[in-house]
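Quick mapping for you: the protein sequence lines, in order, are chains S and R. All residue numbers for the first sequence refer to this note's numbering, where the first residue is 1 and numbers rise by one. All residue numbers for the second sequence refer to this note's numbering, where the first residue is 138 and numbers rise by one.
These are computed hints drawn from the structure, not numbers from a lab. We treat Cβ as the ideally placed atom computed from N, Cα and C, and that holds for glycine. It is possible that part of the hints are untrue.
Where chain S lies over chain R, by a calculated footprint (3+ residues, C-beta under 8 Å) [stated by the list, open to error]:
1. 145-159
2. 169-179
Short, incomplete list of chain S residues facing chain R, as computed with Cβ under 10 Å [claimed, not checked]:
3. Glu-36
4. Ser-71
5. Pro-75
6. Asp-95
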Amino acid sequence: MSNFSAPIECDDPSLVFFLQHGARGLIFDLVFQSIEDIARERRGVCVSDDAREQQCSARWLSSETGHKCLSFVMPDASPREAVARIFADPQAVIDAMAKRSSLPQGQAHGASEGLSEATVDLGVLEQAQAACSPTFG
Amino acid sequence: MSRPPPTPFAMRLIAASQALRSPEAEIFQAIYIQGEREEGVRRQLGMTETEFALKKSGLLRTLAAAVH
Numbered sequence: 001m002s003n004f005s006a007p008i009e010c011d012d013p014s015l016v017f018f019l020q021h022g023a024r025g026l027i028f029d030l031v032f033q034s035i036e037d038i039a040r041e042r043r044g045v046c047v048s049d050d051a052r053e054q055q056c057s058a059r060w061l062s063s064e065t066g067h068k069c070l071s072f073v074m075p076d077a078s079p080r081e082a083v084a085r086i087f088a089d090p091q092a093v094i095d096a097m098a099k100r101s102s103l104p105q106g107q108a109h110g111a112s113e114g115l116s117e118a119t120v121d122l123g124v125l126e127q128a129q130a131a132c133s134p135t136f137g
Numbered sequence: 138m139s140r141p142p143p144t145p146f147a148m149r150l151i152a153a154s155q156a157l158r159s160p161e162a163e164i165f166q167a168i169y170i171q172g173e174r175e176e177g178v179r180r181q182l183g184m185t186e187t188e189f190a191l192k193k194s195g196l197l198r199t200l201a202a203a204v205h
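Excised from the complex, chain R in its bound form (with noise of 0.2 Å):
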């Protein structure tokens, strides 16, 4: 049985996120594909809380742009 195809919604996050750069794209993929915690991300990337917090919010702010 063939799998339905993923919705325009998802796929619209998804294209959004990969014209970002990095490391915003590193962090999507890591916490929303990957489902990896976010502070082995953060720990990964070598970023401080602080910093961490800011790119994961211009991320969000870009998506919820990028979907308006």
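Extracted from the complex, chain S is given alone in its bound form (with noise of 0.2 Å):
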């Protein structure tokens, strides 16, 4: 494993794998895990004192950010209808995305590593960015 100081650079290949591979993890990842934090402050579970990162999971979830991953994880289902899935019982959805990646149900460590084989469509991707700064662009 590298240091990871030093900066990636656009025609870093690293980012490439990035952009083609680790992103998707990356992404579902993400979706999997405010989810997953859902899912603990309904059963009154909070590790540490993350009730307020829990609680900030659930508002990402609800944004523009938050509908655009979700849509590149569940292409099949609405952003909206998705949401409202997941905040009526968040343990379902993590049972069904955990089956649907080969995993242990509930299980949300290496939750990606059964999707991390697949590579992304840039265009798919493009369609996942929300309201960033253009100075990353």
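Can you join these two chains into the complex? Each is in its own frame, and there are hints to help.
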């Protein structure tokens, strides 16, 4: 594992890997972790002092960025309907996502690995972007 | 033929990850940039499964907040 202190340049091969492979797993993990946070909050389980962060996850899923990431992970579902399902029964959605990625149900750790071999359609990834600062574009 | 520029979303995530302190940044790089298996990353960092899961959860929450 190399040091991550050096910034990644636009022509860095690592960035190409991220765009083609890593981004899919990362977006999946972002959505999965946010749903896990909601499920934990429903169960009244807070690890460390992350109740505020769990609320942040709930807000993020309802944001435009969250909707676009949901569309990326669940292309067959309407983002609004997906959010409604998540808030109604987060554990059921977690189980469905874990089953879809061929991992033990309810297991967040490593959830992206079932999708890690898939490549990313950059057009779809572009659709997943939200109101990002043009500084990075 | 020149490659299309990276998406703002991807660059924003990478910039956010670069602002993180190790080992979260190392986890990001190893898993999402270098494509290493999570179990191997965990062992290299010398973390227990619980420690690794917490670090990864913190990383993902930070990134989720960064792209809000």
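Quick one: which hint numbers does this structure break? Sort them smallest to largest. Violated hints (numbers, rising): 4, 5, 6; every other hint is consistent with the structure.
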